[in-house]
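A.B. asks: Spelled out from the first residue to the last, the chains are:
There are 2 protein chains.
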Amino acid sequence: MKVTVGISNRHVHLKEEDLKVLFGEDYELEVVRPINQPGQFASNSFVTIKTEKSELEHVRVLGPVRPYTQVEISMTDAYKLGVRPPIRDSGDLEGSLPVTLIGPKGELHLKEGLILADRHIHMTQKQKEMYGFKDVDFVSVAIPGEKGGIINNVRLKVTEKAYYELHLDTDDANAHMLHDGDIVEII
Amino acid sequence: MKVTVGISNRHVHLKEEDLKVLFGEDYELEVVRPINQPGQFASNSFVTIKTEKSELEHVRVLGPVRPYTQVEISMTDAYKLGVRPPIRDSGDLEGSLPVTLIGPKGELHLKEGLILADRHIHMTQKQKEMYGFKDVDFVSVAIPGEKGGIINNVRLKVTEKAYYELHLDTDDANAHMLHDGDIVEII
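Going down the list, the protein sequences come from chains A and B.
Just so it is clear: in the first sequence, position 44 is 43 by numbering that gives the first Met the number 0, and no numbers are missing.
Just so it is clear: in the second sequence, position 65 is 64 by numbering that gives the first Met the number 0, and no numbers are missing.
No lab work stands behind these hints, which were simulated from the structure alone.
Honestly, I wouldn't trust all of these hints.
Calculated pairs, EDC-like style, for lysine to aspartate or glutamate (alpha carbon to alpha carbon, straight line, at most 20 Å) [stated by the list, open to error]:
#, chain 1, residue 1, chain 2, residue 2
1, B, Lys156, A, Asp25
2, A, Lys79, B, Glu111
3, A, Lys52, B, Glu56
4, A, Lys156, B, Asp179
5, A, Lys104, A, Asp25
6, B, Lys79, A, Glu56
7, B, Lys79, A, Asp25
8, A, Lys79, B, Glu56
9, B, Lys156, A, Glu145
10, B, Lys52, A, Glu56
11, A, Lys79, B, Asp179
Chain A extracted, bound-state conformation (with noise of 0.2 Å):
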């Protein structure tokens, strides 16, 4: 079985009370470009993570709105901000580390919501049991190349409504060499 690649890079998910804080009271996200996962979408938004030890600029912020605030960042984005956050689940944010989120009309200090992704397919339960996943919840894939080699542990994440990908964070893909659109095998 193949899945394509998408690779997340550093980005920001704003609830909208906080969108208000970091944006002012009337912003609205604006679609500068669709991802492949339905209804989700690239702002032309951008704001700084901060933490004691250093900051990140211009991080895009994803749309739309959600019921939750989450920073999601690579390992190396985290050794740079000094700070060494839990690999989480979208949404799964007890626990996770506390950060500055700095926009253009305010500044945010939230508790929790700092995490790193983990390595996970997006699928409909229908895909998940056509595909032949159905009492499967973590599969292993091989990386082919010159930096080839298997990652364990990736979640096949079931949504009602799903782009059939696997998403990989920017150190995942930059130590196996794997660019967006890469087709890799499930093993």
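Model the placement of chain B on the given structure of chain A, informed by the hints.
C.D. replies: Relative to chain A, chain B alone:
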């Protein structure tokens, strides 16, 4: 068979004449910290790596001087610099990328020398035979943990003097959440 992990951050090796251009006529590299490979050391000398697109400051020079000048970066660095260097063994620089080095006393425009270092395990010929790798040139290594998996195409690098150790760049390390001194298994 197990092996200890050593992580290589971006760094520079210099030949004698290039050291003089960058740091001055009578400059000598000072041992700040020996590294595990016999005779090799971290110096307290730093250069800037520059390309047409961007630059990386404060990149450490490793000593002692070598017969060639070589710049080793990660793919993450390469994206920042806007270049796509080949994956190479140390010293195998023909057709590698041009790069500019800036030191406190001068600049160097190298026609080649910029590479991504390959994944490799240092060993002596005696260790190679003793550990059961007599006719083997490449191995795979199993990485445990939440971001674990298997990394392929790890070259067995034989030198006269060697400290038995797996060298990975920061992309491989960060993707797999590895740290200096971690112990992993050759398969």
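A.B. asks: Give a verdict on every hint.
C.D. replies: Verification of the supplied hints:
1. B:Lys156 - A:Asp25: Distance ~61 Å between B:Lys156 and A:Asp25 Cα, so the pair is violated.
2. A:Lys79 - B:Glu111: Violated, because 29 Å separates the two Cα atoms, which is more than 20 Å.
3. A:Lys52 - B:Glu56: Given pair A:Lys52, B:Glu56 holds - Cα atoms ~18 Å apart, limit 20 Å.
4. A:Lys156 - B:Asp179: violated, 32 Å
5. A:Lys104 - A:Asp25: Roughly 12 Å separates the two Cα atoms, so the pair holds.
6. B:Lys79 - A:Glu56: holds, 14 Å
7. B:Lys79 - A:Asp25: Status violated; Cα separation ~35 Å.
8. A:Lys79 - B:Glu56: Given pair A:Lys79, B:Glu56 holds - Cα atoms ~14 Å apart, limit 20 Å.
9. B:Lys156 - A:Glu145: Holds, at roughly 16 Å.
10. B:Lys52 - A:Glu56: holds, 18 Å
11. A:Lys79 - B:Asp179: Satisfied, since the Cα-Cα distance of roughly 17 Å is no more than 20 Å.
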